[in-house]
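**Q** Chain B: place on chain A using the hints.
The residues making up each chain are set out below.
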Amino acid sequence: MLNFLHFRLNKTFLIFLAFLVVIAIWKPIPLIYGLQRGGLYSLIGLPLALILGIVGILNLAHGDFLTLGLYIGYIFFTQLGLDPLISVFPLFILMFLLAIGIYQISIKYVLKAGELNQLLLTFGISMVIIELIKIIWTTRPRNIYTPYASSSITIANFSIGIYEFIYPIVAIGVLVFLQLFLKKTFLGQASRAVGQNPKGAEIVGIDTNKVYLIIFAIAFGIIGIAAGIMLPRTSIFPLSGNAYTLKSFALAAMAGLGNLNGILIGGITLGVVEAIVQSIPGYSGWSDLVFFGVLIIVILIRAYRGSKS
Amino acid sequence: MKKILTPLIAIIAIGLLMFLPFYTGAYFLHVVMTILIYMTLSLSWDMMLRTGQLSFGVAGFFGVGAYVSIVSSANFGINPLVSIFLAGGFVALIALALGFVVLKLRGIYFAITTLALTMVFSVIIRNTPRLTGGASGKVIPNVIFQGDSSKIYLLILALALSTILISEMFSRTRIHFAINSIRTDELVAKSTGINIFKYLIIIFIITAAIQGVTGAVYSQQYGFVSPETTFSLDFLLLPMAMALVGGIYSTWGPIIGAIILGFASEYLKLIMPYGHLIIYGIIIILIILFLPKGIFGSLKSKKQSSN
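Taken in sequence, the protein lines are chains A and B.
What the first sequence shows, in my numbering, is residues 10 to 318, in sequence order.
What the second sequence shows, in my numbering, is residues 24 to 330, in sequence order.
It cannot be assumed that every hint is accurate.
Unchecked claim - Taking lysine-lysine and the DSSO-like style, the derived pairs with C-alpha atoms no more than 30 Å apart in a straight line are: (1) A/Lys121 / B/Lys323; (2) A/Lys208 / B/Lys127; (3) B/Lys26 / B/Lys323; (4) B/Lys292 / A/Lys121; (5) A/Lys121 / B/Lys174; (6) A/Lys219 / A/Lys208; (7) B/Lys292 / B/Lys174; (8) B/Lys127 / A/Lys121; (9) A/Lys208 / B/Lys213; (10) A/Lys20 / B/Lys127; (11) B/Lys316 / A/Lys219; (12) A/Lys117 / B/Lys26; (13) A/Lys117 / B/Lys325; (14) A/Lys117 / B/Lys174; (15) B/Lys292 / A/Lys143; (16) B/Lys26 / A/Lys121; (17) A/Lys121 / A/Lys20; (18) A/Lys121 / A/Lys192; (19) A/Lys208 / B/Lys316; (20) A/Lys193 / A/Lys219; (21) B/Lys326 / A/Lys121; (22) B/Lys323 / A/Lys117; (23) A/Lys117 / A/Lys143; (24) A/Lys143 / A/Lys20.
Just so you know, these hints were derived from the structure itself, not from any lab.
Extracted from the complex, chain A is given alone in its bound form:
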């Protein structure tokens, strides 16, 4: 029944489980923080990995679209009184439509132009979004308050937010949805084919342009969901989402292109390691190194393996 999830009991997954068990015994509190944070990293990383894996474009504006989603959710909450968790639905639709618009007027034209032009184009888009946000909403940080988001439990002097458990849960939900879409629907199968070999897919009659458009739209919809979910616990300012762009890419690179389950494993692993580093007194500032350090090491290991084979 659940075989579409395809979590084969391979070496990576076993190591991951062993890692979680060891951490649970050694440092249970950072493990919980790490699971929550890692869930968020995975949720935000999934759409980037989807676009990168299938369309082959590294979207440098990824985090800025997340910021945009946060502001739209903020407007929903303050103007319409819409609860963030409900605003997930209109956010999904809005971001879906936005993606179609952006794809049609710009991305479409750089698909064949090479990595550099794609990176620069998305950088230009990122700049426009940040500046637009600054003009409309100024740089003043904003927060929203929902009573349920601040509930917490206390375990051994540590207070742990309950709301944050929603991140890994939604991340798994989105992952299941994506795997179902990619494996069970015609469009999903077509997009996997396009991701593996665009030219071949075109020869057998798949409309690659349409596939790219749909993948973009779905990925943006997921960004909208992530924005709605994180809204109650995030400070909203023009660079809110910025930090997630590179972290998402780090996850995608770690997992390898097209490996969506790997995003979840990688996201939670890095979230936990980050939380552990942060729990060491006096060294919390070094936690940022976790992502970049691991990213560099993984890429290098890949490169050495690649050169041998």
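**A** Okay, now just chain B, sitting in the frame of chain A:
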């Protein structure tokens, strides 16, 4: 005729540029200095790109150079001018050590690893507050040349001109065959007996050193460094945009791009103090969409096709 004309124009242009401080105001001079700084970064980035390696490490080397210069002059009392050379040397050493590892990577992986290295540098600097001032940054009491802007200008001009010279050397001497062959077909280059790695690491070290020196000059000019501003991705992305707007794989491209985007952004800043970057962003998007070869690149291919 053309052989005499080009150097003549170059000499006149350099002469005019050298005496610029005597006939323009402080504001215009400042704009030119900023443009020259970005032009240097843009050129150095393009030089690396000519080997086919898309480097995202510009901001990182720039930042390390800036910090080496400020820390060595503030903490150890080293002459600011000497500290700039020290910064270049230090960054060159880092590039040498890192080059052995990262130059094995290709394409997007090289790009991302160099970007991650930038982040690693900034995290290290933020977490060693005793030496670097940590997150709040570090100020030096005296900027270089006691803040004499015409002397600083000459220093920046010298830096920009030497970078242009190195760039021209790369495209005129034997080394450019190696560079081009690595970019167009690495396998063929390898099989014809070119020592790819040797050339890659030489170019990596030279361009990193240029970026380090640029960072050092920039930080000495302002007398201030902080992790956020010094490692700002602006120092990576704006030079990239300039090279692309002008046209990549050439010396002229980044120069033209830096002049156009540099003046455009200053002018936009004047007429539109808030949100002028929007227009800047739109310019980049439009150029990418409609002029993918850049201005110089398009002109060149037009000329070639009409011949």
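**Q** Each hint needs a verdict: does it hold in this structure or not?
**A** Outcome of the hint check:
no. : hint                : in the structure
1   : A/Lys121 / B/Lys323 : holds, 22 Å
2   : A/Lys208 / B/Lys127 : holds, 28 Å
3   : B/Lys26 / B/Lys323  : holds, 19 Å
4   : B/Lys292 / A/Lys121 : violated, 34 Å
5   : A/Lys121 / B/Lys174 : violated, 47 Å
6   : A/Lys219 / A/Lys208 : holds, 14 Å
7   : B/Lys292 / B/Lys174 : holds, 26 Å
8   : B/Lys127 / A/Lys121 : holds, 26 Å
9   : A/Lys208 / B/Lys213 : holds, 28 Å
10  : A/Lys20 / B/Lys127  : holds, 27 Å
11  : B/Lys316 / A/Lys219 : holds, 27 Å
12  : A/Lys117 / B/Lys26  : violated, 44 Å
13  : A/Lys117 / B/Lys325 : holds, 25 Å
14  : A/Lys117 / B/Lys174 : violated, 48 Å
15  : B/Lys292 / A/Lys143 : holds, 15 Å
16  : B/Lys26 / A/Lys121  : violated, 39 Å
17  : A/Lys121 / A/Lys20  : violated, 37 Å
18  : A/Lys121 / A/Lys192 : holds, 27 Å
19  : A/Lys208 / B/Lys316 : holds, 24 Å
20  : A/Lys193 / A/Lys219 : holds, 18 Å
21  : B/Lys326 / A/Lys121 : holds, 24 Å
22  : B/Lys323 / A/Lys117 : holds, 26 Å
23  : A/Lys117 / A/Lys143 : holds, 27 Å
24  : A/Lys143 / A/Lys20  : violated, 47 Å
When the structure is compared with the earlier hints, violations turn up for hints 4, 5, 12, 14, 16, 17 and 24 and for no others.
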